[in-house]
Amino acid sequence: MEIKQDKAWQQAISCLPPPRAAQLAALDRQGEVEELRLRAGQPPAAKTAEGEQPLDLRPVTAQELRETLSRAARYSVHSYAESLKNGFVTLGGGHRLGVCGTVAEENGQVIGVRGLASLNLRIARQFTGLAAQIAPWIGDGAPQSVLLLSPPGLGKTTLLREWVRLISDKGYTVAVADERSEIAALADGVPQFDVGRCTDVMEGCDKKQAALMLLKTMSPALLAFDEITAPADVEAVSLCAHCGTAVVASAHAADVDDLRRRPLYRAMLELGVFGRAVVITRKGQERCYRMERLEEGTCSS
Numbered sequence: 036m037e038i039k040q041d042k043a044w045q046q047a048i049s050c051l052p053p054p055r056a057a058q059l060a061a062l063d064r065q066g067e068v069e070e071l072r073l074r075a076g077q078p079p080a081a082k083t084a085e086g087e088q089p090l091d092l093r094p095v096t097a098q099e100l101r102e103t104l105s106r107a108a109r110y111s112v113h114s115y116a117e118s119l120k121n122g123f124v125t126l127g128g129g130h131r132l133g134v135c136g137t138v139a140e141e142n143g144q145v146i147g148v149r150g151l152a153s154l155n156l157r158i159a160r161q162f163t164g165l166a167a168q169i170a171p172w173i174g175d176g177a178p179q180s181v182l183l184l185s186p187p188g189l190g191k192t193t194l195l196r197e198w199v200r201l202i203s204d205k206g207y208t209v210a211v212a213d214e215r216s217e218i219a220a221l222a223d224g225v226p227q228f229d230v231g232r233c234t235d236v237m238e239g240c241d242k243k244q245a246a247l248m249l250l251k252t253m254s255p256a257l258l259a260f261d262e263i264t265a266p267a268d269v270e271a272v273s274l275c276a277h278c279g280t281a282v283v284a285s286a287h288a289a290d291v292d293d294l295r296r297r298p299l300y301r302a303m304l305e306l307g308v309f310g311r312a313v314v315i316t317r318k319g320q321e322r323c324y325r326m327e328r329l330e331e332g333t334c335s336s
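Anchor point for the sequence shown: position 19 equals 54 in the numbering used here, and the numbering is continuous, going up by one each time.
It should be emphasised that the hints constitute simulated quantities derived from the structure, not laboratory data.
Don't take each hint at face value.
Ranges of calculated distance between the beta carbons of each label pair, as one might list FRET restraints [unchecked claim]:
(1) S49 to T252: 30 to 36 Å
(2) G239 to A139: 20 to 26 Å
(3) Q179 to S105: 43 to 49 Å
(4) G206 to P52: 19 to 25 Å
Bear in mind that the values here come from a model prediction, so they are computed numbers and not experimental data.
Glycine included, every Cβ here is placed at the ideal spot set by N, Cα and C.
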């Protein structure tokens, strides 16, 4: 049986040692894999919409983990020290390699991870099929602020990227604060994902600093952030509000009620920036999207 090759999968696994990459290049249903888990002493495991399943392959060795990280960091791990403090390395194409093991600290601050125990390779894909679903929510007028909600792994970044693309292609200037190089995935200054014809990208720095620079220099009608997780991220949203710039951002929450229970997000909602939220859920293997009005708690599918 001929294996259908998935471009994103083939690109992502290129960071693995060649013998392991060759094994995984022949994986069936590779287009369905969302994450590849590599744990020392266990076979690789593929995570799909159906959950995580071990593959019928030899166990991963500690040496493989070290070589994979070295390849991902282009044999210059110290060049990725800043992102490794946060437990990941971003690969070409927007794929992300999460790192787990023994944390190294200096003066009470995390400086990296040593003694690797496991790696998580998240596969980044672009799904333009979302356009028909979200276009009515975007509308034809000036961009409006919206919050994208789901638990981890349900496609917030994918949805945010499509939101940006559709607004940008309407002729509105969009700025993207791509802290982890996952939204646009610049390569020699060119986005590897389609983020629209009127989009400017600032990647590799924290959201607040990126917002300051983008608001001053690019005059965006919309500013996009991925994963609001810290008080400084909320400050970035506040900066946009003071400048009259709309915001599209994502947050980890199961729904609006879950969002409101969290102190960080309560503080963000008090800014009055977001009047709407798109909530992503999963029904079987399908992702479902619904719009909720934050101030009223009402829903529309």
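Assessment of proposed distance window 19 to 25 Å (beta carbons of G206, P52)
Since G206 and P52 have Cβ atoms about 46 Å apart, the given range 19 to 25 Å is violated.
Consistency of beta-carbon spacing, A139 to G239, with hint 20 to 26 Å
22 Å, holds
C-beta pair Q179, S105: status relative to the range 43 to 49 Å that was hinted
45 Å, holds
T252 and S49 - C-beta distance against the hinted 30 to 36 Å
Holds: the Cβ-Cβ distance is about 35 Å, inside 30 to 36 Å.
The structure fails hint 4 only (numbered hints given earlier).
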